[in-house]
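Order-wise, the sequence lines are chains B and W. In case it helps, numbering that gives the first Met the number 0 puts the first sequence at residues 0 to 255. In case it helps, numbering that gives the first Met the number 0 puts the second sequence at residues 0 to 423.
If you're looking for bench data, these hints aren't it; they were derived computationally from the structure. It should be emphasised that the depicted structure is a prediction, and the values quoted were computed from it without experimental measurement.
Derived list of chain W stretches under chain B, where covered just means 3 residues or more per stretch with a C-beta under 8 Å from a C-beta of chain B:
#, segment
1, 94-102
2, 223-230
3, 316-322
The following residues of chain W were derived to be distant from chain B, with all beta-carbon distances above 10 Å:
#, residue
4, 187
5, 194
6, 267
7, 349
8, 397
9, 404
Computed far set for chain W versus chain B, every beta-carbon distance over 10 Å:
#, residue
10, 54
11, 185
12, 341
13, 352
14, 380
15, 415
16, 417
Glycine included, each C-beta is placed from N, C-alpha and C at the ideal position.
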Amino acid sequence: MVRLTDQLGAKVRDDGDRRVGRVIDVVVDSGGGEALVTASIVRTPAGPRRLPWDTPDAEPQAPDLGEAELLLRRDVLDTQIVDVRGHRVARVGDVLLTERDDGRMLVAVVDVGLGAVVRRLGLKRWSAHLATELVPWDSIHLTSRRGHLVQLSSPHAALHHLPPDELAHLLARLSTTHAVDVLRHTSGDRAAGALAAGPPHVGQRLLSSMDEQDAAVVLSALPEEHRRHWRHRMAETTVPRRRYRRHRPTKPTTGR
Amino acid sequence: MTDEPMAAGASRRRSWVRRRAGVAALVAVVGPGLLAGLSDDDPAGITTYSVLGARYGYQLLWVLLLSTVALVLFHDLASRMGVVTGQGLIGLVRQRFGVRTATAALAVLLVANIGTTAAEFAGIAAGFELFGVSRYLSVPLAAIGVSTLVLRGSFHRVEHVLLALGSIFAAYILAGFLAHPDWSAAAKGLTWPSMPLERGALFIAVATVGTTLAPWGLSFIQSYAVDKKLTVADLRYERVDVVLGATLTGVIGLFVVVACAATLHASNIAVDSAADAARALEPLAGSFASGLFGIGLIGAALLAASVLPLSSAYSICEFVGTDDAIDDRFREARLFYVAYAVVTAMGVAIVLVPGAPLIAILVVSQAINAILLLPLLALMGRMARDPDLMGEHRAGNAASAVYLLAIGFISLCIGTLGVLAVTT
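Take these sequences, add in the hints, and give me the full structure.
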């Protein structure tokens with residue numbers, strides 16, 4: 000496997016062995032489920048330029064991104080992720096790329112271990128003693144601005160296929176704004192199921208922060224008894240008060 | 000549901016909280032700004048303001064005014080960055096600038112935090128010494144007590160009691176009036192910048208900046224805003240919270256300076272110990288001044304000594320990316336607990352060095368804060384303008400110019416101090 004951080008800074012030369020510039024980012028397209036590497040962004044004297052990954056000799060283009068494209072350095076590396084299956088929050092220390100049977104590169108896993116951080120600080124000997132912690136690409140939800148947006152709009156993203164208890168875990172770990180975005184991009188039934196499966200204070204916070212119309216859709220998908228309960232809770236308070244402390248997520252229950 | 004992009008959805012979103020506008024929504028949001036602001040009136044802050052007033056009278060009040068303006072600006076920015084990005088300061092630095100810059104920023108923050116933690120324990124030692132209790136007894140006991148309180152999860156229950164104890168410093172407002180200060184001189188000092196070009200004056204001016212706008216306060220307010228999971232809709236209430244907290248800090252600081260200027264400076268008494276600073280309270284409390292000051296010092300110090308290691312531990316966890324917290328058990332959040340213990344232990348160790356000068360620790364740590372503040376402010380200024388991080392809430396040209404001015408003012412003070420230190 001290839002580490003993203005080994006690719007960054009690499010020199011790029013053209014056909015005539017003239018230096019074009021250095022790689023400053025790598026573009027992946029996550030529209031089809033897998034995150035396929037499509038191009039590199041190279042710093043040239045004329046500014047950043049986009050070079051196709053498979054044909055680096057092609058004419059450099061403006062560094063524009065397609066709808067489902069992400070920049071691995073800007074949008075993934077060092078950003079906080081929610082590991083939706085491992086039920087934890089972590090920060091990406093490195094991104095590992097692998098080659099598919101047809102020769103195309105794709106993102107396989109992200110490394111969230113301390114070893115990746117220590118390695119990037121130049122302490123390779125120390126990093127060898129630290130464990131590597133790998134999380135599969137299809138298990139992560141990105142919290143970076145563009146990463147979050149792209150994953151919301153991609154029907155293949157992990158968040159759209161999570162069972163209610165795992166979706167509840169994701170909602171509890173995200174900021175209110177991000178979590179409300181996820182709910183708005185989820186069907187009313189799934190959103191209601193996730194809120195019912197998660198801790199009550201999270202559901203209360205999110206429903207209180209939603210647009211009235213969107214909240215009504217979620218509430219209408221709940222059984223009558225639960226709907227009354229939520230309406231009552233939301234009438235009680237506004238934002239739950241928390242004093243520089245976090246609540247340990249309650250073990251999700253699916254039988255509510 | 001809808002498929003609209005997030006930004007468009009966010010802009011049109013009318014949350015239920017917003018519709019309940021008014022006092023209820025404000026009360027729900029208030030906290031980060033008020034706590035971060037009032038915790039600035041810790042022993043280090045009060046002592047620094049006392050020294051400023053006792054040595055230079057009303058002349059340097061303008062430094063406090065500008066520091067308070069900078070406090071409002073950067074606390075507002077920090078809370079906004081927390082709300083918009085959902086991340087703490089150090090985590091955001093790592094996302095935007097990478098591992099190396101974030102490691103350097105974390106190191107700077109930890110050095111500043113350990114120094115200020117030592118200052119808080121110096122405040123506890125000074126407070127108890129007013130009652131004749133040795134620091135070798137009071138400081139370890141306070142460290143154990145505070146750590147148990149925070150890590151056993153009952154911090155939020157006693158936080159208000161400690162805040163109330165520290166608010167005894169509000170007595171300085173009354174003391175300021177009762178000391179019959181020269182208000183016209185105070186008004187001139189506040190609005191007419193002047194400074195004796197000597198190392199001592201510049202040093203105390205830098206310490207005043209460093210204690211008012213402390214690095215730990217910036218990371219604390221951002222982490223706290225993230226932890227409360229505030230939304231963009233709450234920002235206008237959060238701004239009220241920030242302005243309220245910062246203004247209270249500035250007002251209390253102003254009256255500390257005025258009280259000390261009218262009493263200690265007028266009588267030519269230097270502040271060499273906590274008892275000297277207590278003398279400024281005599282117009283209000285007479286012989287009880289010393290006791291009143293000691294109780295306030297201990298209360299404020301206990302609160303800040305709880306918050307500082309907590310803030311440091313959260314920053315370390317933000318760097319690594321975990322969301323460890325005080326609710327987690329030791330096995331689940333080793334890094335958090337170890338970080339908390341190490342910062343506390345180092346703060347205690349500095350104060351317990353035999354013959355350690357408490358007032359010097361209190362003031363010098365604040366001057367170091369100001370120096371360490373600069374790189375953090377520069378990083379914040381750059382992130383504030385980044386559309387990838389802040390989206391529609393990024394700072395415009397006017398706001399960026401104001402941040403730059405504030406950073407320039409602090410740099411000027413530190414630069415001049417550096418030049419004077421070398422040449423005199």
